[in-house]
Structure formats: C-alpha cells, structure tokens
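Asks: Listed below are the residues making up each chain.
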Amino acid sequence: MELDNIEKLLEKYFEATTTVAEEKTLQTYFSQESVATHLEQYRPMFSYFSNAKEERYTKQVPLKPRKNYYRWISVAAVAVLTFGIYFGNEYQEKKQAEYAYAETKKAFELLAENFGKGTEKVAYLQEFEIAKQKIYNNK
Amino acid sequence: MKQAEFLNVVMPFKDKLFRLAKRLLVSREEAEDATQEILLKLWSKNEAMEEYKNVEAFAMTMTKNFCLDRLKSKQASNLKLVHSNYEDEKTSLQRQLETEDSIVWMERIMEELPEQQKMVLQLRDVEQYEFEEICELLDMKPTAVRVTLSRARKTVREELTKKHNYGIG
Numbered sequence: 000m001e002l003d004n005i006e007k008l009l010e011k012y013f014e015a016t017t018t019v020a021e022e023k024t025l026q027t028y029f030s031q032e033s034v035a036t037h038l039e040q041y042r043p044m045f046s047y048f049s050n051a052k053e054e055r056y057t058k059q060v061p062l063k064p065r066k067n068y069y070r071w072i073s074v075a076a077v078a079v080l081t082f083g084i085y086f087g088n089e090y091q092e093k094k095q096a097e098y099a100y101a102e103t104k105k106a107f108e109l110l111a112e113n114f115g116k117g118t119e120k121v122a123y124l125q126e127f128e129i130a131k132q133k134i135y136n137n138k
Numbered sequence: 000m001k002q003a004e005f006l007n008v009v010m011p012f013k014d015k016l017f018r019l020a021k022r023l024l025v026s027r028e029e030a031e032d033a034t035q036e037i038l039l040k041l042w043s044k045n046e047a048m049e050e051y052k053n054v055e056a057f058a059m060t061m062t063k064n065f066c067l068d069r070l071k072s073k074q075a076s077n078l079k080l081v082h083s084n085y086e087d088e089k090t091s092l093q094r095q096l097e098t099e100d101s102i103v104w105m106e107r108i109m110e111e112l113p114e115q116q117k118m119v120l121q122l123r124d125v126e127q128y129e130f131e132e133i134c135e136l137l138d139m140k141p142t143a144v145r146v147t148l149s150r151a152r153k154t155v156r157e158e159l160t161k162k163h164n165y166g167i168g
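Just so you know, the sequences run in chain order A and B. The first sequence begins at 0 in numbering that gives the first Met the number 0 and counts up one residue at a time. The second sequence begins at 0 in numbering that gives the first Met the number 0 and counts up one residue at a time.
Rather than coming from a laboratory, the hints here were simulated on the basis of the structure. Hints may contain errors.
What the hints assert, rightly or not - Derived DEER-like restraints, expressed as beta-carbon distance ranges: (1) B:GLU28 / A:ILE72: 19 to 29 Å; (2) B:GLU50 / A:TYR90: 35 to 45 Å; (3) A:ALA20 / B:ASP68: 43 to 53 Å; (4) B:ASP138 / A:ALA20: 55 to 65 Å.
Claimed, not checked - If the Cβ cut is set under 10 Å, some of the chain A residues that face chain B in the computed set are: (5) THR18; (6) GLU22; (7) LYS23; (8) GLN26; (9) TYR28; (10) SER30; (11) GLN40; (12) TYR41; (13) SER46; (14) PHE48; (15) ASN50; (16) LYS58; (17) VAL60; (18) LYS93.
Stated by the list, open to error - Here are the simulated lysine to any residue pairs, SDA-like style, with alpha carbons at most 25 Å apart: (19) B:LYS162 / A:SER49; (20) A:LYS23 / B:ILE108; (21) A:LYS52 / B:LYS1; (22) B:LYS1 / A:TYR68; (23) A:LYS52 / B:GLU110; (24) A:LYS52 / B:GLU131.
On a predicted model such as this, the values are computed, not experimentally measured, just so you know. Glycine is no exception: its CB is placed at the ideal position from the N, C-alpha and C atoms.
With the hints as constraints, model all of the structure from the sequences given.
Replies: Shown next, in the form of structure tokens:
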C-alpha cells in the first residue's frame, strides 16, 4: 500500500506536479535503510539533494569598514607623496642655488685678491713717476 | 540598519546564496567569492533594504544574475571555467574509481544540466522553494518552471538509470 503510494508520488514527481510536502514524503522514504529494489536506482538522487542542503558558507561575512579605511589611507599617502616631491624639489633647488652662490663668491674673492696683488705691484711704478718729475723739475 | 541587525537578516539565507552560486559556478572558491560579493552589495544597500518585502528573494535573484554574468564573461574569455571544471572532474573521477560514490555521480550529472534546469532543481529539490517563489526568483512563468523542473528531473533519472544498468552489466 505504501509502496504503491510512493510509486504514484514518483510518477507525479517526474512530471513536476508534486507539492513540497509530497516531495518531503519521498525524501523520507528514500532516506530509509531499505528501499524496494526496483526503486533503489532513485536513491542517489534524493540522498544527493538532502546532502547538498548541508553545505555551508563557512567564510566570515565581510562588512566594509576596512575597505573605506584603506581608501582614505591611500588618499593620504598620495597627498604626502606629492607634497614631499614638491617641497623636496624646492629644497633641493634652494640648496643648489646656495652652493652656486658660495662658489661664485669664492671665485670673485680669488679675483679680487689677485687684483689686489696687481695694484701692489703697480704701486712701484709710482716711484718712477716721482723720480721722473724730480728730474724734469730740476732741469 | 546596524551591522548586527543586518547580520541577523542575512544569516538565515547566506548558505542558500552560497549553494546556488556553487551550483552555477561549480568551483567552491568562485562560489565563495560570489557570495561575498553579494553580501557586500547588500550591505552597501542596507539603507534601502527595509523597503524590500522579501530580502531573501531579492538576494537570491542578485546571486543568480551575478553568477550568470560571471559565467558569460568566462565563456567570453574562455579560460578559468575550463580550468576549474577540469580540476573538479579529475578529483571526482578519482574518487569515483575508488569508492563508486553515487553522490559524486549525481554531482557530475548535475554539472551537465543546462543552467536554467540547474537553478530550478536547486531551488526546488534542495532548497524546497514553492513554485510561486521560484517564478519570482527566476522571472519565469509557472508553466515554464514546471516544464523545466520536470525535464531536469527526467534527465537526472535517465542518467542514473544508465549508470545503474552499467553497474549491473
């Protein structure tokens, strides 16, 4: 009697006209230890379905706070980098200018010193001039 | 909606999302990624969530669309899917030789089904949704759902019978 019922349900099942409750009946029938031999071939189907329902999503449910956090950090990092490059460059330029200034100053000082030496030597010429004047005046 | 509230809403059906994703994408990693993506999307919409009548149905539809998109883009690039399928088949073949596990057989039969049939079978025989819900989720007419479901079940039966006969012969 029960087997008869199951067979009918199976037929309906394959025509997709069973209700969820009827399908549950089938499910429980096929989860028994003993199943009529000619129905044995359907057993994998039902045990597979009930097995498939056991599968779980085991990963943590990820919610977003971290994501935003990273975004802002990257924005900050980019800002720091641009400022760094900009001001770094400026600083570098300033340093270079200072160096160039010091070098030129040194060069000018060298020049001035040598000029000084030159004028010292020229000062002797003055002696000649004085002597010459004396000679002319005595005439 | 606060985080705890959101989790309370989402927890009861997150496994269903995952199982649907896995049914369609086959690979476990892919399905996990998809589920994560869907949950994040839901969370970003959590302001509007209170307005949805049925968050679960909404999430299931999202999952379906997301996975079908993934499959499409993969077919276009034609790379990853082939790879994961190959891997899956290999392990299942091995196990099948070792234990003749009928569950593995079923898994392979299910993998061969067209997507629409996979989804209907998953929603009905695994998750036990009512027909009206399936219609809503998959955006199908009731008759179409019935026909698809019947076809899917018959295909599975046919494949199983084949296997059963091989087993005897």
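Asks: Going through the numbered hints above, which ones does this structure break? Give me the numbers in ascending order.
Replies: 2, 3, 4, 9, 10, 18 and 21
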